[in-house]
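*Asks:* Sequence:
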Amino acid sequence: MAEFALGLTKAAVEGTLIRVKSAIEEETKLRVCVQDDLVFITGEFQMMQSFLRASNAGERASQNHVVRTWVRQLRDLAFDVEDCIEFIVHLDKASRWDWVRRLTSSLVCIASPPLPLDVAVEEIKRLKTRVEDVSQRNTRYNLMGGSDGVNDDHSSGQQHQLLMHPVAHGMAASLATFHDLMKVWKAMGKLHDHTLDLTKLINCQDSELRVISLWGGLQADVVGELGWASIMKKAYYDEDTCREFKNRAWIKLGTHHSFNPVEFLNNLLAHFTSHHHHRYHDDMSELMLQVSKHKYLIVIEQELSSVAEWNAIRMCLPDSKNGSRIAIFTKQLGLALLCTGEPYQISELECFSDDGYLCAIFPEACGPRSAMGEFIWQLRRRAGVISLFWDWGHGSDKRQFRRRLYRSTVDRLRALLPSVLDRVNFEYQYWHDISACPNDLAILAVSLLLESCPKDKRKTVEEKLNGMDNQDLFERCREFLTEHDYLIFFDMMDTQKGLESWDLIKQHLLCESTRATIVVLTRSKRVATYCVDGEECRALNLINVMKGFCGKHESSHKLLLGRTDEDKLLQGQMKEFPLVTFVWGIAGVGKSAIVSFFYDLVAFKYDMCGWVDVPHPFNLRDLCRSLLLDFYSDDVYAKETALIGMMEGQDPIQGCRKVLSENKCLLVIDGLQSTHDWDLIKSTLLFGPVSGSSTIVITREESIATYCADRKQDIINVKGLETGKALYLFRKITIDGKQLPSQAETISKLIVSKCGGIPEVIVAIGKYTREYIRDKKFLESINADFMGCLETNSVFPSLTSLFCWMQSYFDACSDELKPCIFYMAVFPADQSIRKSRLLRRWIAEGYSSGGGGTEEEKVEKLMSELMKLSILYQEQQKSTMIKSHCKVNGFFREYIKSRPMEDNLVFELEGNCSPSSQLTGQHLTISSSWDRDEIVFKSMDLSRLRSLTVFGEWRSFLICDKMKLLRVLDLEGTSSASDGTGSVTDEDLEKIVKQFPRLKFMSLRRCVLITYLPDALGSMRQLETLDVRHTSIVELPPAIITKLHKLQYIRAGNTIITAK
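Residue numbers for the sequence shown follow the UniProt record's numbering, beginning at 1 and rising by one.
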């Protein structure tokens, strides 16, 4: 909170400056010595203000504990000076008989209180001394001076980092592309989960000539144990390798001249037959013939640089089907893949600590396959019957839950089949749910035959097939399956019925010569093994097959309860096909979930769809790289091609421009943080999209949406859930929407109110309390330390980014607004607050000082800013009366309350408190839940208290002579007990008027036992706001009211407006 504390200090110092200057102007009320002291104090505060306005002051305060302490001391001093000036400015004019009192007191030992002006003079002198001390501390600790050597080094390091940024970023982007490519390879079944032994890859039993390509980054060709050459030599000189390959050659190609095949072949033979003294000759055919007679291992040491060079080498080495091997190294991925050939597999041999990697790319036959790779391989080889079984292991999960998991996994596989089967060619495909119609083979046979018919003839053919005898129908289906490559999926949800159906299918529809490939999906490994006749190699675990598969953009699966208005609004706008729609709202409010739901709903209307999270710090190339991959997320082969191209240096920006300019696209840009970023994105990618394309931009800033949108109607604001909908979401998460247990209902409502209508928080806290929803003590412990629980408990990792955003959100606020933000902790969450009440309080607190315009205009602007920040929100009711009311967001209030006491100016008494002098601050709010412990109250330090707000029952001991600086007394929230006790009385008001003469704001609204205004009220010359509405006062005595020269706002009477 260092940045926020700095903002509070700056606001306090600036407010103090205004009051000091005002005091100097009233020269007639001050003595010359006071004027001189105030001039000195003003000068010192101006210097301090300059320091606080320095561009790096916030950074220093956040990084240096000494500076942070000094800033806090300066803030406290500023508040004290302001209080003193308030006292001086509003002193009565000095009496001409004051000299008599002074003379009398000097001649006769009469104890008399000092004159107010004398008190002010002494206080100013003490404050001047404190100002000097604070200024000297700055000099002593060099807080405002230039940077020391360490900071200079740090600054130089930052400049060096900036200079190196393009190179470093390029390496990071390349590494990110590499990791994305590894994910795609894993999804395609080409990547092995575990590192393979290079020796075993070389020595695999296979008769064909195989090429193993070693492909790596910048670190892969280093000299040492981690370099490719060192790893290759270990395999080259391994005992098994030497035994398997009697003829081995480690060849260095010439670097200063073009490739010479004759020299190359003679060099090989010299290595192969070195003990036979090979004679050099230039008969190319003979050389190739001699080489082909040997089973060899050749390692080409130099990095290959071109396809032409590889083609020339490969021409010299025909495949003799004797199990020979060639190993090469290159940094060019495309060349590595070309050398190995299709189909290939990949294994990461070495992963370096920073940005290095070394992979082996080898033919598919040389190594074991992953689960997905095995599935695709078996499909390619037309394995007959393949079983996919859903084995989640043993557990106590409910049967219904396990069935849902199985179904969701199968549905996911079905959605991804187009990309899986893209290069596995079948003439026809059909998916049959055996559980739906287990024993009707005729329906299955007709469905299989209809797949081959054109759509316009299917009805006629279907009628003809339905008229056939079953045996004739089965015979025709068998013949068809023996003549065509047919891929059939049989989904067996019900195990027993599935087995019966499978036996019938085998008996009547399949024969030994069938060309159909059958994929059986089942929840039982036993059934899976039975369907493949006990050959377990053809029974694959569906969970392993699906593991790591990159599918189309998936919805965030956040519940959209209570979001029908936003969803309908988004759908309505998109029907008009605006070029860009902007969705904004605070973090965690559900913007992405709403857009994701809509995205999945309308994606089929577009040629291409892409969702991209804006990178931070912003980089257009990174954004386009992610976007291009998402455009191809439903086609792993296209994604692989794009990634290989990027690894080879292709520009993803141009790739995105091509997609957007040639296709009708739906584009979602999530997390826009800057108008500059938008201008760059718009000019680069949205310069001329295809007609019908749509873009949705998600941002947390209203100002960004307003700047970027062409029309106001293109902006959608997503707000927090209303109280009822928030509680229903909580119930949906914890007990599946049922009624809360009676012992948990009240405390659950309190917890939900503290979530502030933010779905992300409600869902997180709901999942956490799901198992303990009937445990009242557990719920009470969460309610008592709500924010501490969310911030420190490891079960809430999803909220980490939300809290980081909250901190930066507050730090970015203007200095004038920061005191108002902390001030909102005075009011309970979700309690209706009259706007006029809040505005008049802020004026009394001095938050309207500085700038242009009237006091009312300034505080209304501050309130408008809090509304935009969602800290305050308008009550969502139709009554016109309610429009003048607002509420504090519960989550923001809890966050403000949880900040360190030294930074927080508001403190609250609630529940049971222990006596402590640490309970101190400028604004005290007393909750209705506080147990009204007088001992605790008297132990508190109230010397700096500026406002007192009471909710619930009133107690007379709350009138305390320690509150000498009190400006605001708000008793509007007090209520009496059923026996009439606990309410403010006329006697209490008499004490208040005498005890707090410096009040500027006093609200006694709804204090029904108040029957009159005491005469002493006329001496409250600073009073600006008086609210006695809905009391028992029947008249306002003119003799009293006319004395209140500063009174600006008065409310009285008993008119009641009923909201319907």
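Be careful, since some hints might not be right.
In silico DSSO-like pairs for lysine-lysine, Cα to Cα no more than 30 angstroms straight-line [claimed, not checked]:
no., residue 1, residue 2
1, Lys994, Lys712
2, Lys897, Lys725
3, Lys962, Lys994
4, Lys682, Lys712
5, Lys749, Lys962
Cβ pair distances, simulated, as ranges [said to hold, decoys possible]:
no., residue 1, residue 2, range
6, Lys455, Glu483, 19 to 29 angstroms
7, Ser691, Ser230, 21 to 31 angstroms
8, Ala312, Phe687, 41 to 51 angstroms
9, Ser230, Leu601, 11 to 21 angstroms
10, Ile935, Val1034, 53 to 63 angstroms
11, Gln429, Gly534, 36 to 46 angstroms
12, Ser683, Pro261, 23 to 33 angstroms
13, Gly341, Lys658, 25 to 35 angstroms
14, Val690, Lys506, 25 to 35 angstroms
15, Val690, Thr195, 41 to 51 angstroms
16, Ser230, Ser703, 31 to 41 angstroms
17, Ser1032, Gly852, 34 to 44 angstroms
18, Gly788, Ala812, 44 to 54 angstroms
If you are wondering where the hints come from, they were derived from the structure by calculation, not from laboratory data. We put the beta carbon where it would ideally sit given N, CA and C, even for glycine.
*Asks:* Going back to the hint list, which numbers does this structure go against?
*Replies:* Violated hints (numbers, rising): 1, 5, 7, 9, 10, 11, 12, 14, 16 and 18; every other hint is consistent with the structure.
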